[in-house]
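**Student:** Could you slot chain Y onto chain D? The hints should help.
Residue numbers (numbering that gives the first Met the number 0), protein chains in the order written: chain D, 0 to 326; chain Y, 0 to 341.
By construction, these hints were calculated from the structure, which means they are not laboratory data.
You may find that some hints are simply not true.
Simulated restraints, written as ranges between beta carbons of each label pair [to be verified]:
| no. | chain 1 | residue 1 | chain 2 | residue 2 | range |
| --- | --- | --- | --- | --- | --- |
| 1 | Y | LYS244 | D | LEU142 | 38 to 46 Å |
| 2 | Y | LYS151 | D | VAL310 | 54 to 62 Å |
| 3 | Y | GLY264 | D | SER41 | 44 to 52 Å |
| 4 | D | LEU291 | Y | GLY264 | 34 to 42 Å |
| 5 | Y | LYS244 | D | ILE304 | 35 to 43 Å |
| 6 | D | LEU264 | Y | GLU66 | 44 to 52 Å |
| 7 | Y | TRP326 | D | VAL181 | 36 to 44 Å |
| 8 | D | ASN94 | Y | GLN60 | 40 to 48 Å |
| 9 | Y | LYS340 | D | VAL300 | 27 to 35 Å |
| 10 | Y | GLU189 | D | ILE304 | 28 to 36 Å |
| 11 | Y | LYS244 | D | VAL181 | 39 to 47 Å |
Once the Cα atoms are required to be at most 27 Å apart in a straight line, the calculated DSS-like pairs of lysine-lysine come out as [unchecked claim]:
| no. | chain 1 | residue 1 | chain 2 | residue 2 |
| --- | --- | --- | --- | --- |
| 12 | Y | LYS33 | D | LYS38 |
| 13 | Y | LYS30 | Y | LYS52 |
| 14 | D | LYS38 | Y | LYS156 |
| 15 | Y | LYS33 | Y | LYS108 |
| 16 | D | LYS315 | D | LYS5 |
No experiment lies behind these values; they were computed from the predicted model shown.
Even for Gly, the Cβ is constructed at its ideal location relative to N, Cα and C.
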Amino acid sequence: MDIAKKFEKLTRKLLLFNEIILVLVLILISIILSIGSSKFYSTTNIINILRDSSMVIIAGIGMTMLLITGEVDLSIGSLIAFVGVVTMDVINKTNSVALGVLAGLGVGALTGLVNGLVRIKLRVNSLIGTIAMMMILRGGVYLYSLAAIQNYHHLDAFFQIGNGYFLFLPIPLIMMILLYVVFLIIIGKSVMGRYLYATGGNYTAAKISGINVDRLKIMTFILNSMLAATAGIILVSRMNSGQPNAGTGFELMVIAGVVLGGTSLAGGEGTLIGTLIGILILKMINNGIIILRLNQDLQIVICGIVIILAVYIDNKRKLARAKIIVT
Amino acid sequence: MKKLMKVANIVSIVLLLLAFSTTFVFAATTKIPKRVGWVGNYMMHEWYQNVLKGMEARAEQLGIELEVLDANLDMARQVAFAEDLMAKDVDVLIITPCQQEGAESIVKKAKLEGIPLIIEASEVKGMTTLVAICDYDCGYKGGVETGKYVKKHLGGKARILAVDLPMLRPCILRVDGFYDGIRTIIPDAEIVHRVDGQGLKDLALQVCTDALTADPDINVIYGCNDDSALGALQAYRAAGLDESKLVVCGTGGEGNAFIHALMEGGPYKVEAAMFPEAVGYSCIDMAVKLYNNEEVPRHYVTPSYALTTENWNEFYSLEGEVRTINWHRVNAIPGEDQCTKY
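With the rest of the complex left out, here is chain D (with noise of 0.2 Å):
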């Protein structure tokens, strides 16, 4: 009797934590699909999921940290668009990798540099202020080229960023899992770490006790912008052509696999285990819709059914949470 109310108690506890609850999820949607198909639970496909999902999860790790301080940025699938056609052509004109890799990049910490400034010095609201540098970067990006900038350079290196293997894994996958491990010990476990949950917890008892929140959010622009331009870098290796209408939609994928992993669109909460596994989750739904041969129109619907029954959970825990720590 005794053990069983202790299993009971521990898995009342072991719930309250949003991860666990979404490790269940993707365990019973990946049961449901591989009943469904016996190809989706092949290495080839596992492969594909998850280097198909790299560019999202290196996007939102940078996401995620600015949703943590309170801030959000609508720009980045405008950014990834420009950093291609930006990357493409530098690497065209200079025949280096080296080179166009740093330009694209350079372009992604300019954008968060400005979309930081204008937040912190001009105090536009962020979710204003990056909506307006996405109309900048898409409108921008056809005053750059009006076409799609092909490959004329045809250099391996580059193709290999964002088709190659090291070993048997895929390395977009292996850049998303150094990059993954680099800030979950810098969020976890670093002082910036703790800085970026007490500004977004309370701005301004952060700022009375001595943090820098400006100059923090400043920067936490700029890497979110930096990540999701490494994410457009590996896209324009896998679409080998630096695309001007690239990235459609894809601000609200990272947005939703944030949220969908827990991160409060309020600040103050968020993990980076939650945005792997909830931008896992909608990558595999949408992949399994394919493999079935359901109508894709569907992976909009279900998506949207997933985060709202995700968010509601999540209210529910907390509440559940509360509720422990107040008794």
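**Tutor:** What follows is chain Y alone, placed relative to chain D:
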């Protein structure tokens, strides 16, 4: 006899003179509009940039001033721009509708104002004339040519990945036409996957990656536009599949990407070309006809043709990134009077 010959010669000369003078009189009486306005729906797209090139070329030949405005997929903006141009008393108005239903108000207003109106791309209720290709027939020609390639080089079996854009009827017609066309050569051809790439290369890449995981023995890829076909090809390459067992057919010939793909020597072998420059050129010709109150067809069909690695350079030349259309060759394409399917 000699007298008869003389009379015959005199009559011939008189008739010849009459014919020439009629031509001159006709030419002199054909009025050329001074100003033509075009409200496009998405000028940023390569397709419309090339339509504009064709329009500008023909307008320059005829000495027409062309004013171009871009609605950028905003129907309300398109209506406002159209009204602006009508207020500026353009001689002829050309509209590429953002939405077919939304453009009906422009058609009504133009009739009220007495301004000749040409619709480009997709039909609008109440219109006088439409300048557009036949999407179904264009896809059909691509399908027939692709079928021939499959029969000759790929063992005669076709398992097709079609990258569609179901939101737009022209794209549905292209895929339907392609499928019907390929089945004239390979009756048991099968569409294994028909996915929505939304006409975008990165989204086509994503959805085709999943489709190719489910069915790696796909050997034909058809894209409802060039970006769809190229995105699917990238997905095929990323999956590490054997390109020698694949044929790709794109649609449109919107930009230069398809020319590079045809020249590459890879699996991209067929382009169901729609010649955007010819669309623009034809719009100006129709504008002149309407301006002169001439009878015009309800749908003026612009040419489409299946380009291959062997024949593309009969229709286009490419120097650097500048492509030039071969008007003689394009104008010689036998046209349809009306489309097989709408």
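**Student:** Confirm or reject each hint.
**Tutor:** Verification of the hints:
Checking the proposed 38 to 46 Å range against LYS244(Y) and LEU142(D) shows it holds: the Cβ atoms sit about 42 Å from each other. Between LYS151(Y) and VAL310(D) the C-beta distance comes to about 56 Å, which sits within the given range of 54 to 62 Å. The beta-carbon spacing between GLY264(Y) and SER41(D), approximately 31 Å, falls outside the hinted interval of 44 to 52 Å. Restraint check, LEU291(D) to GLY264(Y): a C-beta distance of roughly 36 Å satisfies the suggested window 34 to 42 Å.
For LYS244(Y) and ILE304(D), the Cβ-Cβ distance of about 40 Å falls inside the hinted range of 35 to 43 Å, so the restraint holds. In this structure, LEU264(D) and GLU66(Y) meet the distance hint of 44 to 52 Å, their C-beta atoms being roughly 46 Å apart. For TRP326(Y) paired with VAL181(D), a C-beta distance near 58 Å fails the hint of 36 to 44 Å. Between ASN94(D) and GLN60(Y), the C-beta spacing of about 41 Å keeps the proposed range 40 to 48 Å intact.
Between LYS340(Y) and VAL300(D) the CB atoms are about 30 Å apart, so this pair conforms to the stated range of 27 to 35 Å. The given range of 28 to 36 Å is respected by GLU189(Y) and ILE304(D), whose C-beta atoms sit roughly 33 Å from each other. About 41 Å separates the C-beta atoms of LYS244(Y) and VAL181(D), a value consistent with the hinted range of 39 to 47 Å. With a C-alpha separation of about 63 Å, the suggested pair LYS33(Y) and LYS38(D) falls outside the 27 Å cut-off, and the hint is violated.
For the suggested pair LYS30(Y) and LYS52(Y), the alpha carbons sit about 23 Å apart, so the restraint of at most 27 Å is met. Taking the CA atoms of LYS38(D) and LYS156(Y), the gap is about 23 Å. The hint holds against a cut of 27 Å. Only pairs whose Cα atoms come within 27 Å are accepted, and LYS33(Y) paired with LYS108(Y) is accepted, the gap being roughly 21 Å. For the given pair, LYS315(D) sits about 22 Å from LYS5(D) by alpha-carbon distance, which is consistent with the 27 Å threshold.
When held up to the earlier numbered hints, the structure conflicts with 3, 7 and 12 and fits the remainder.
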